[in-house]
Amino acid sequence: MVNHKKPDSTPRRLRLGVFKFASCDGCQLSVLNLEDDLLALGQALDIAYFPEASSGMKPGPYDIVLVEGSITTPEDAARILALREQAATLITIGACATAGGIQALRNWADVESFKRAVYPSPQYIQSLGTSTPISAHVQVDFELWGCPIDKGQLLRVITDLLAGVRPRLFADSVCIECKRRGNVCVMVASGVPCLGPVTRTGCGAICPSMGRDCYGCFGPTEGARTGPGLPPNTASLANRFHQGLRLIPIEVVRRFRGINGAVESFKQESEAWEQKT
Amino acid sequence: MVTASDRCGVLPKADFQRLLDVLGAKGYRVVGPVVRDGSVMWETVERTADLPIGWRDEQEPGRYRLEQSGDGRLFGVVHGPQSLKPFSFAPREALLTIERSKNSFASVPTLPKSEKVAVLGARACDVAGLAMQDRIFLRDAYADPYYQARRNSMFVIAVNCTRALATCFCASMGTGPGATSGFDLALTELETVFLIEAGSSEGNDILSALAIDPSSPASIEEAEANITSCAMSQTRRLNTAELPGALYEAHEHSHWDDVAGRCLACANCTMVCPTCFCHTVEETPDLTGQRTEHARLWDSCFTQEHGYIHGKNIRPTIKDRYRMWLTHKLASWIDQFGASGCVGCGRCITWCPVGIDLTEELPALLKPSIRTQQKPGQV
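Going line by line, the protein sequences match chains W and R. FYI, the numbering for the first sequence is 786 to 1062, going by the numbering used here. FYI, the numbering for the second sequence is 236 to 614, going by the numbering used here.
Since the hints were made in silico from the structure, they are not lab data. Everything numeric in this text was worked out from a predicted model, so none of it was measured. C-beta atoms are modelled at their ideal positions from N, C-alpha and C, and glycine is treated no differently. One thing to keep in mind: the hints can contain errors.
To be verified - If you want the footprint, here are the derived chain R segments under chain W, 3+ residues with CB under 8 Å:
no., segment
1, 481-493
2, 532-542
As the list claims (entries may be wrong) - Not everything, but these chain W residues come out facing chain R in the computed CB check (under 7 Å):
no., residue
3, 818
4, 821
5, 824
6, 825
7, 827
8, 898
9, 901
10, 903
11, 951
12, 960
13, 974
14, 975
15, 1007
16, 1016
To be verified - Listed next, the in silico SDA-like pairs over lysine to any residue satisfying Cα-Cα at most 20 Å (straight line):
no., chain 1, residue 1, chain 2, residue 2
17, R, 248, R, 455
18, R, 261, R, 279
19, R, 351, R, 387
20, W, 936, R, 523
21, W, 936, R, 460
22, W, 1052, R, 496
23, R, 547, W, 1015
24, R, 348, R, 384
25, R, 248, R, 291
26, W, 936, R, 518
27, W, 936, R, 519
28, W, 936, W, 923
29, R, 248, R, 285
30, W, 936, R, 528
31, R, 351, R, 376
32, R, 554, W, 832
33, R, 547, W, 1016
34, W, 805, W, 819
35, R, 554, W, 1016
36, W, 936, R, 387
37, R, 547, W, 953
38, R, 602, R, 496
39, R, 261, R, 242
40, R, 554, W, 805
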């Protein structure tokens, strides 16, 4: 990861680059939403490339590169390879870059028919048939989940990198955060199909705190794709949705096929229930 | 259970506000069950009307609903997801802050501010859970100062149960439905009055300040009868006769695979359990690296990280984790702390999103294993 200079040497400010691929910019906005910490961040880091914040765009290489968005075009597939060469540490920010995002719904559809339906001259549209996460193209050093990411988690990861420590975030269920916060379980007390039991913590359990069900925007607990551990027991939760909460199979499919629908464990679950529709 | 003595009196229901006022005058913030988001949660109670009057809870595996009871009971709701645990063992507790100075650093413990809290409406199972946590956190010379500080400022007002939920099995665990010790005051809600019993000198002070009529033998008898009939009405039970040994014997039982197929490893059971005490610590440094906060958070043996020791996860699968939890809760807890880790409150049954019921899992684990039936002599 980042080479950290010894405290007694004059510290060189680490150079940060923020890059966008197929995405809505919401995660980059989360960086700008750091508000109170933004000035300190600007002092601790040399923000060398961040077009959403400044037109002063300096070339690489960069010590830390934050990547937002998924790969959906041949051009971006080439661009991420070049960017990786400029990045000492590459961190994906958000569901699109980490898991393919909501636009990965195209992976189950015919993109050519979309092009014909939307554009008068679809032959000019250079678009891939799939939306894939950054890790499908280059090595990723750390992944931040969420739609959008939690700004506190981002700050924490940057703080760790500045300190020369390997970043580490909890990968437990949203339920643990709900219980710590004193939320009443929306699934047990209101009967709504909450994905919290199989979704990774980090958001602060925002949705259940507002009385609605988690829709899994932080992706699966633990196993996901990186790190140790096994995928969550989505099959048991899906059964409960169907048998206990009376969701019909297509509703179960849609629960798992959302913002992180392309992540392996959620993908397998939605495809299993698609067979039952 | 309820004892006839000068430490026992009757308070007309219509005068319940007096109890809240006396507690307030003694400097307590009263916390009780308050209806919120389809359940009851511990919140500040200033007026009798803040209590869930006329509500009752129906609980079953994986399901909780509040409904209108049609009666005027103040404590018709048995319990919500919270036991007494959050008061004494905080979900997140800053333990210390560490600040860097020129050539050194200083750490400053952050003991909780003491606030006198009177918890109104603890059930016998909750009181038993608190007593177990005391045994864990205040053990011998190793008392946890953070827990101790919170615990010392607690005033516990138990409410004896006269209605059992479908998920209750305290009678079989010997912890309820009436509280016998570990409270400052214990109430039993009768038709028109509350029977109030003091269980500590602080409780006695409140009782004296209330200046209420002494209890009659008839009211004590009525309370006793209601508590007994509540115990009799419990449909769930846990047969602990063969514990702890039988669960150790069942370590390789085929039923662990069955329950692992249903368990989400989401940790809800451990979060709502009155006795579960697992925690992790987290460091929150600032961006400059000059200051950090070291905090303790509720954790669970169901998380991936909890089974991680250097270089290896010793409980990688859900089966490993459920087995660890149930075996500890019902068996090795007895060896470790001298009593079962289960108080029979039934919260782990209700608040499990998929309704896993330990009163069904245990008997299944004590039956002969399919695996051992198929391959005699092998485990």
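Verification of the supplied hints:
no., hint, result
1, 481-493, "violated (count 0)"
2, 532-542, "holds (count 7)"
3, 818, "16 Å, violated"
4, 821, "11 Å, violated"
5, 824, "10 Å, violated"
6, 825, "5 Å, holds"
7, 827, "11 Å, violated"
8, 898, "38 Å, violated"
9, 901, "43 Å, violated"
10, 903, "40 Å, violated"
11, 951, "13 Å, violated"
12, 960, "4 Å, holds"
13, 974, "4 Å, holds"
14, 975, "5 Å, holds"
15, 1007, "4 Å, holds"
16, 1016, "10 Å, violated"
17, R:248 x R:455, "16 Å, holds"
18, R:261 x R:279, "16 Å, holds"
19, R:351 x R:387, "8 Å, holds"
20, W:936 x R:523, "17 Å, holds"
21, W:936 x R:460, "57 Å, violated"
22, W:1052 x R:496, "19 Å, holds"
23, R:547 x W:1015, "14 Å, holds"
24, R:348 x R:384, "8 Å, holds"
25, R:248 x R:291, "18 Å, holds"
26, W:936 x R:518, "17 Å, holds"
27, W:936 x R:519, "14 Å, holds"
28, W:936 x W:923, "24 Å, violated"
29, R:248 x R:285, "14 Å, holds"
30, W:936 x R:528, "18 Å, holds"
31, R:351 x R:376, "25 Å, violated"
32, R:554 x W:832, "47 Å, violated"
33, R:547 x W:1016, "17 Å, holds"
34, W:805 x W:819, "18 Å, holds"
35, R:554 x W:1016, "13 Å, holds"
36, W:936 x R:387, "38 Å, violated"
37, R:547 x W:953, "17 Å, holds"
38, R:602 x R:496, "19 Å, holds"
39, R:261 x R:242, "19 Å, holds"
40, R:554 x W:805, "41 Å, violated"
Checked against the numbered hints listed earlier, the structure breaks hints 1, 3, 4, 5, 7, 8, 9, 10, 11, 16, 21, 28, 31, 32, 36, 40; every other hint is satisfied.
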